[in-house]
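**Q** For the sequence shown, the working numbering assigns the number -18 to the initial residue and increments by one for each residue that follows.
FYI, nobody ran anything at the bench for these hints, they're computed from the structure. Note that the coordinates shown come from a computational prediction; the quantities given were computed from them, not determined experimentally. Even glycine gets a Cβ: it sits at the ideal position worked out from N, Cα and C. Treat the hints with care, as some may be off.
Derived Cβ-Cβ restraints for the label pairs, each shown as a range [claimed, not checked]:
1) -7 with 139: 44 to 50 Å
2) 107 with 168: 22 to 28 Å
3) 46 with 138: 37 to 43 Å
4) 27 with 158: 40 to 46 Å
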Amino acid sequence: MGTFESARRAWHWLRRYGRDRRGNISSVVALLIIPLVGVIGIATETGNWFLIQRSAQNAADSAVLAAGQNDYINPSGTSYIAEGRSVASNFGFVNGASSTTVTPQKSQPCPLPLTGSNCYKVTITRSVPISLTRMTLTARALAFVRGRDYALPEDMRDMALDVLRHRLVLSFEALSDDVTSDQILRQIIDRVPVPVVPLRTDDRVRAGA
C-alpha cells in the first residue's frame, strides 16, 4: 500500500510539474547551457586559430624576403637565419618562445611554375593550447585561493588578461599607435556584462500538495 501511495504521489507531482509554467525558461537554459558554452568555446578557439595562422603566414612571407635579401648581400654566412627570425619576431613569433619555432632555409626547391633549388623558405610553427580550458582552470585556482570551491564570473574576468594577453597578435598599425594587448582586452571585458541570475524566493513544489 505504501508503494502504491508513493507512486500515486509521484505521478501527481509529475502531472502538476508538467502543467506548471513557472521556471520553464530556467529549465531549458539549464539543459542547453553546456552545449551552448561548448559551441561558443569552439567558435572562439576556431577564430583564434585562424587569426594566428594568418599572422604566421604574414610573418613567414616577410621573414623569407628578409632572409633572401640578407643572404644575397652575405652569401657565405648564415646571418640570413638571424635576419629571418628577427623579422618574424616583429610579428610576435619569437623563435624558442611560447612554443614557437622559426626555421629559415635556403637552397630549397622552388614552387611551380618555377624550377630549380635556389629558393628560400621560412617555416613557423606554434603549439596553441585551448584558451577556454586555461581560463576555466585558472579561474578555479583563483577561487580556491579566495576560499571557495567554485568559480564565479568575477574570477574569470580577473584572470582573462593573464590568460589571453600573449594570444593577441597586434598589427603594425597598433604597435605604431602604442596600443597594447591589455588595452584591447580590457575594452572587450568592460563591454561584456557579467551574467546575473536572480534567485527566486521559492519555486519548489511539494509532492502530494
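**Q** Work down the list of hints and note, for each, if the structure agrees.
**A** Hint-by-hint comparison with the structure:
1. -7 with 139: 44 to 50 Å: 48 Å, holds
2. 107 with 168: 22 to 28 Å: 25 Å, holds
3. 46 with 138: 37 to 43 Å: About 41 Å separates the Cβ atoms of residue 46 and residue 138, which means 37 to 43 Å holds.
4. 27 with 158: 40 to 46 Å: Hint violated: Cβ distance 28 Å, outside 40 to 46 Å.
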